[in-house]
Amino acid sequence: MATLQWRPAVNALTKPVSYRIQIIPRNVAGYEEMAADISAAHPNYNADLVRSLAPLMMEWIQNRMINGDQVTLPNAFIFGVSAQGRLDSPDAPLPDDEDMLQVSISGTRDFMRRLRAEARLERLTMNKKLPNITSAEDTKLKLADVLNPAGLLRLSGSNLYFDENDPHCSCVIRGTESGEKKQSTFGTVSNSEILLAPDIPAQSHPWNNEHTISVTTQYTEHGTPRTGTYERRLRSPLAVPNMGHPHPPETGILTGSAAAPHVKITGGSVSADERLRIQVIQDLPAGRLLFSLIDMKADGAGGNEIPVTQNGAYTLPGFAGSAVSNLEIAVNNYAALWEMLRNDYNGRLVDILDVRV
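By this note's numbering, the letter at position 51 of the sequence shown is numbered 148, and the numbering carries on one by one without gaps.
No wet-lab data here; the hints were simulated from the structure.
Each hint should be verified, as a subset may be incorrect.
As the list claims (entries may be wrong) - Capping the alpha-carbon separation at 30 angstroms, the derived lysine-lysine pairs in BS3-like fashion look like this:
1) Lys-226 - Lys-278
2) Lys-394 - Lys-237
3) Lys-278 - Lys-239
Predicted model only: the values in this text are computed from it and were never measured.
Could you put together the complete structure from these sequences and hints?
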């Protein structure tokens, strides 16, 4: 029986550094693999028959759930429908949100008991020689995971060195929506550090300010090029123009690669130009998001946290010493923002705002 392979992975959010257990799939199996395996183990079941029946079984499960049933397959899985959203009163209408309905799938007790009893874990080494980027910091703003066009980006890690003149080697910044740029202006390139003036690729919309960065190198003359990608996303500052005007332009923020912004700035009270940050934290126990304005220093000043549980308009208060008394925002896709925080940002997302009057 094959093992479950795992390797230690850096948990970048903890200080001091800790490591999480990362399960590494050996393969991705689907209907074809199901049909081949079942027919090999049970020759009476033709592979073509199994392949044709499997999608019908999934369709039957879906139809049962559409009709309000929970599907429990003994010694296998429990399929259920859940809903996310908040009602302000018992007789309030349901939220107008296409993502309100969700599917929950869990293993039955017997299924999980056998899995836990029979699975054998195999540790994989962290020392496979790959470029390993452990942190990225803008040297001007002194902030992590910021892609500042007016600053320098410092990448730290191990096995990072590459030959800038080798066409097979590169450092590349990619937009998660579109665009990529091979970097060309470096101050330092060593095994432990790369310092570069970032050339940021353009993306389709101004709110698409999310990027990834990777390093590709060859460790021997005839070796295979190897690529390491920083696990966290980098975000560039967003311009918020004409604040204080009667009808300022709306500015999309706190979004990834989506074609429409999850959140917009719609107005506010601003007395002077200022650069500050907007933060959203996922409060899992309470099932809500906490929005606030914070200054440009780690662990610096911040305004009161405003809880948000659904789409709508909200006002975020400023903080002491800020020229921004408040910002008015509209949350347009709460469900997508929630999923993005959970899947890509470990529960905390921050955008830098260049607010101009």
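- Task: Give me the numbers of the hints this structure contradicts, sorted from smallest to largest.
- Result: none
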